[in-house]
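Student: Those sequence lines, one after another, are chains A and B.
My numbering applies: residue 1 is where the first sequence begins, and numbers increase by one.
My numbering applies: residue 231 is where the second sequence begins, and numbers increase by one.
Honestly, I wouldn't trust all of these hints.
Below, a list of computed lysine-lysine pairs in the DSS-like style, where the Cα atoms sit at most 30 Å apart [what the hints assert, rightly or not]:
hint, chain 1, residue 1, chain 2, residue 2
1, A, K39, B, K285
2, A, K197, B, K270
3, A, K197, B, K353
4, A, K84, B, K306
5, B, K389, A, K117
Taking beta-carbon pairs under 7 Å as the criterion, some of the chain B residues facing chain A (in silico) [unchecked claim]:
hint, residue
6, K258
7, E259
8, Y260
9, N263
10, Y287
11, W394
No wet-lab data here; the hints were simulated from the structure.
Because the structure is a prediction, the values reported are computed rather than measured.
Ideal Cβ placement from N, Cα and C applies to all residues, glycine included.
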Amino acid sequence: MNFKIHIIALLGLLLMNVSWVNAQSTYRIGSMPSVNVSKDLTNGLGLNFKTESRQSYFTGTFSGESSAKIDYLLTDLSVILSKKVGLNNKLAGGYLVRLRSGQTIHKAVQQFTLVRKYTTFRLAHRFAADQAFSSNIPTELRIRYRVTSEFPLNGEEVDPREMYLKVNNEYLNAFQDGEYDLEIRLAPLLGYVFADKNKFEFGVDYRVSSFLDSPARNSFWVSLNWYLKI
Amino acid sequence: MNRLKFLWLFLSATCLVFVSQAQTKFEKEYRINPEEVPEKAFQFIHSANNDFSEKWYFEENLEGNSIEAKFKYNRKKYSVEFDTLGNLLDVEVESPFKDLPENLQATLQNSLQNTYSKFTIRKIQVQYSGTVNSFADFITESNQTENYTIYYELVVKGKKNRQWNLYEITFGNAGELISTDKIVLRNTDNLEF
Chain A
1 MNFKIHIIAL LGLLLMNVSW VNAQSTYRIG SMPSVNVSKD LTNGLGLNFK TESRQSYFTG
61 TFSGESSAKI DYLLTDLSVI LSKKVGLNNK LAGGYLVRLR SGQTIHKAVQ QFTLVRKYTT
121 FRLAHRFAAD QAFSSNIPTE LRIRYRVTSE FPLNGEEVDP REMYLKVNNE YLNAFQDGEY
181 DLEIRLAPLL GYVFADKNKF EFGVDYRVSS FLDSPARNSF WVSLNWYLKI
Chain B
231 MNRLKFLWLF LSATCLVFVS QAQTKFEKEY RINPEEVPEK AFQFIHSANN DFSEKWYFEE
291 NLEGNSIEAK FKYNRKKYSV EFDTLGNLLD VEVESPFKDL PENLQATLQN SLQNTYSKFT
351 IRKIQVQYSG TVNSFADFIT ESNQTENYTI YYELVVKGKK NRQWNLYEIT FGNAGELIST
411 DKIVLRNTDN LEF
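Chain A on its own, in the form it takes in the complex (with noise of 0.2 Å):
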């Protein structure tokens, strides 16, 4: 029943993005590699170690102007400490840092997740908060949510050497210099388990942003993740 609910408002949020386009709105097509290494030490603790690269190559208005021009944006690069709590939760910190062309931002990361598995799909909830710290630009607080679910493809489980299905849906609340911005982000992805330590996931993430008081920033990343456990 969470299921159906979930897809219900999530196709109500796509309907009602459609009227946040117009002609001012923005858009920017790129990529988004990841690679995530995860450790677990004693005690249910573990360590995570992510890096992400983002690459630009198209960008415009939907009014018709367009760019085409091959930019990389930034690295991030991250380590997390998580605390098995219960079956399937955990508790997360952590510090990331963005490096961009003449800046480098710091980030203190906090999160919690629920991940449950139902008859034919898991489901896991993460709840997060970052505050960025750089030299040159205020502190930003965010707080988020996301929802995702993993479905196979065959069968009842996902078992290795078959496919699945992934979709994240988050919201992001962003607080800076007494502004407040909210992100929304949708990512279909395809995974393939190699084995249970070691899965590829390729898709879409759609991001839409500043729509609530300015001409929507849509991106369109090329998202492929690679998860390795080690």
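Position chain B against the provided structure of chain A, taking the given hints into account.
Tutor: Coordinates of chain B only, in the frame set by chain A:
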């Protein structure tokens, strides 16, 4: 910016070292078409003259392969397992705890309370092994308990030594403990990060 690209490529490439260390245990279940099911198994399910809209699965693991039919009937979830030749292995029916015999409920509760400081029963399957001459009779419960060996398979979320885990626990017909297996949960990294 070239340094950033190099750094990212270097970190990604070092992960290739760990790819070869992936686990090797093999277990797989996948959906099959009714045409791929042994005739014997297919006829057994349909001898009840009901359209169950069953889903068929092929299960591969190191202990042996099997074929399973899963369907819902009269608000109950059934799982009927066959060998690859179509011979019946067992029938499992999901059951709520309150539908179990009362004395059995008490026995199971006591057993779990003695083992876990806290627990929640997530699922109960009643497993019938033996000769099922009439599947139609079986699912209409007109002759369900004769000549069968009955086991109760519970999936329990239990706390032991301050740690929560998921267990598959099998009890006999009288509530005697047969076996306890810890369920290995699948990797959730791609759901958390």
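Student: Please check whether B/N263 passes as an interface residue: C-beta within 7 Å of a C-beta belonging to chain A.
Tutor: Constraint on B/N263 not satisfied, violated at 12 Å.
Student: Regarding the pair A/K39 and B/K285, is the alpha-carbon distance no greater than 30 Å?
Tutor: violated (37 Å)
Student: Against chain A, run the beta carbon of B/E259 and see if the smallest gap drops under 7 Å.
Tutor: holds (4 Å)
Student: If you take the shortest Cβ to Cβ gap from B/Y287 to chain A, is it below 7 Å?
Tutor: holds (6 Å)
Student: Does the structure keep A/K197 and B/K270 at a Cα separation of 30 Å or less?
Tutor: Measuring from Cα to Cα gives roughly 39 Å; hence the hint is violated.
Student: So, B/K258 near chain A? Judge it on the closest CB pair being under 7 Å.
Tutor: Cβ of B/K258 sits 4 Å from chain A, so the hint holds.
Student: Would the pair A/K84 and B/K306 pass a check requiring their Cα atoms to be no farther apart than 30 Å?
Tutor: violated (34 Å)
Student: Let me know if the C-beta of B/Y260 comes in closer than 7 Å to any C-beta of chain A, holds or violated.
Tutor: At 4 Å from the nearest chain A Cβ, B/Y260 passes the 7 Å test, so the hint holds.
Student: Is the hint on B/W394 kept, meaning its closest Cβ partner in chain A is under 7 Å away?
Tutor: holds (4 Å)
Student: Hint check: B/K389 vs A/K117, CA-CA at most 30 Å. Holds or violated?
Tutor: Judged against 30 Å, a Cα distance of about 18 Å means the pair holds.
Student: Below or equal to 30 Å on CA atoms is what counts here, so check A/K197 against B/K353.
Tutor: holds (27 Å)
In the structure shown, a violation is registered for the earlier hints numbered 1, 2, 4 and 9, in ascending order.
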